[in-house]
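For chain A, the structure is supplied; the task is to place chain B on it using the hints.
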Amino acid sequence: MMDGYSERPIRVLLAKLGMDTHTVGVTIIAHALREAGMEVIFTGLKQTPEMVCAAAVQEDVDVVGISTLSAGHTRSLPKLARLLREAGAEYKLLVAGGVIPEEDKSLLTQAGFAKIFTMGADTREIVSYLQQWWAERQAAEAA
Amino acid sequence: MSDLAADVLAGKVAAGARAIRWLDDRDRRGQQLLRSIYAHTGRAHIVGITGPPGAGKSTLTDMIVAELRRRERRVGVIAIDPSSPFTGGAILGDRVRMARHTLDPGVFIRSIGTRGQAGGLSRSTHDAALVLDAMGYDMVIVETVGVGQDEIDVVNLAHSTIIVGVPGLGDEVQAVKAGLMEAGDLFVVNKADRDGYEATRRQFELMLHLREQSRAGNGWNAPLLRAVANRDEGGAEIVDALANHRAHLETSGGFGARSGRREREQALALLRDAILREIMEKGDEALLEDVEARRIDPYSAAQAMLARWREKERVTA
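Sequences listed follow chains A and B, in order. Here the first sequence stands for residues 111 to 253, numbered as in our numbering. Here the second sequence stands for residues 1067 to 1383, numbered as in our numbering.
To be clear, the hints were calculated from the coordinates, so they are not data collected in a lab. Nothing here was measured: the structure is a model prediction, and the numbers come from that model. Hints are not guaranteed to be accurate.
[Claimed, not checked] Anything over 12 Å on all C-beta distances counts as not near chain A; from chain B, calculated:
| id | residue |
| --- | --- |
| 1 | S1102 |
| 2 | G1234 |
| 3 | D1261 |
| 4 | E1303 |
| 5 | F1321 |
[To be verified] Listed next, the stretches of chain B that the computed footprint assigns to chain A, with coverage defined by at least 3 CB atoms under 8 Å from CB atoms of chain A:
| id | segment |
| --- | --- |
| 6 | 1159-1169 |
| 7 | 1173-1182 |
Here a beta-carbon is modelled for each residue, glycine too, at the ideal position from N, C-alpha and C.
Bound conformation, chain A alone (with noise of 0.2 Å):
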């Protein structure tokens, strides 16, 4: 390409479940990915399972990224996990960060997400994870 554009830049949809209102680290996520090239979806604070779900089907995004600093994940990111497989988005890749125990990973898991990062992680380690993820659902698909 001629120019800063690829045809088909990675779109990813972050959203903030639960009644936490702090912005910095989903903020700083976002314009990390900017640069990155990716197209990112805000959908904002107080977000629910239902809310994100449907956003993320209207948007079509490729990746669906949950920032979780207060309690509850552990009933409303599985959820989340649910609606979009009712309605047919499980092929989207889902990643939460945030404070999230370790102890609740594996449930988080085996709910259907793919990777959670802890508190604090490097957004270059984030943004290469989701490249990774693309590069490989890209070479599939043309397989």
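Coordinates of chain B only, in the frame set by chain A:
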């Protein structure tokens, strides 16, 4: 007709979203799909919303959607934000202001990045609007990028264009862009509760008066409305004005004429894209680098590329 096309015509959200994605990504399947649903387009009222950054376009759109829903109209929204010219990425945040409609099945909100296109719209906006039209939405609202002076491409796309102003941006900045004053169909001063509202309103009134003087019997008196969108004030008047404008266009034949001109422009745009793709080759990148380094002027470079293509056509004919 493919299953996806049938699903789009049946109004299925996931299908419409996928179709828009293909068109945005310039995936061939997008155009194929569009061709098969095209006969079902041309019904929706396409409304553009444009204005400087800070005018509150997203909040205004949110308010208009709420009023339309009260009147049981189904509405699609295309919210456009700028893509970075360096990285190609974008933060598409307009949805945040329209969150109350997320779970309403009568509303479809799609965020799109400009992906290198100037003029306030993306290349895919026209086609995305057609998809929403074919899905059965009564109105498709296109909210443009609000950067600077040049977002008037929406005027060619929409049946009705709303120009949004806001108090406090200074005399010269807003209304004096002749193109906007010429082309707008409705004018809204948002954040009307702010200081400077009266002065801003007077500026618009003056410009509109001058516009009426110079128009030869167009028949449409562009209204100047007031709104405080974050308090849901002014939505009913705006929706009424849009309905009046649509009625005016239908009686004057303008509804079809505007759609028609838009489709004509789209055909030419597609042809330009196709010709460029046809003519350009890998080797041309080196030539373009020569142009950037001023080793060759752009006029000669363009001629060289055209001549090379003609030669190739001649040889293979």
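Non-interface claim for E1303 of chain B: all C-beta distances to chain A beyond 12 Å?
28 Å, holds
With a Cβ-Cβ cutoff of 8 Å, does the segment 1173-1182 of chain B contain at least three residues near chain A?
It holds, with 7 qualifying residues against the three required.
Non-interface claim for F1321 of chain B: all C-beta distances to chain A beyond 12 Å?
28 Å, holds
Separation of G1234 of chain B from chain A, once the least beta-carbon distance is taken, above 12 Å:
Check passes; 26 Å lies beyond 12 Å.
If I take the minimum Cβ distance from S1102 of chain B to any residue of chain A, is it greater than 12 Å?
The claim holds: S1102 of chain B sits with its nearest Cβ about 19 Å from chain A, beyond 12 Å.
Are three or more residues of the segment 1159-1169 of chain B within 8 Å, CB to CB, of chain A?
holds (count 6)
Taking 12 Å as the cut and beta carbons as the points, is D1261 of chain B off the interface with chain A?
Check passes; 29 Å lies beyond 12 Å.
Hint compliance for this structure: every hint is met.
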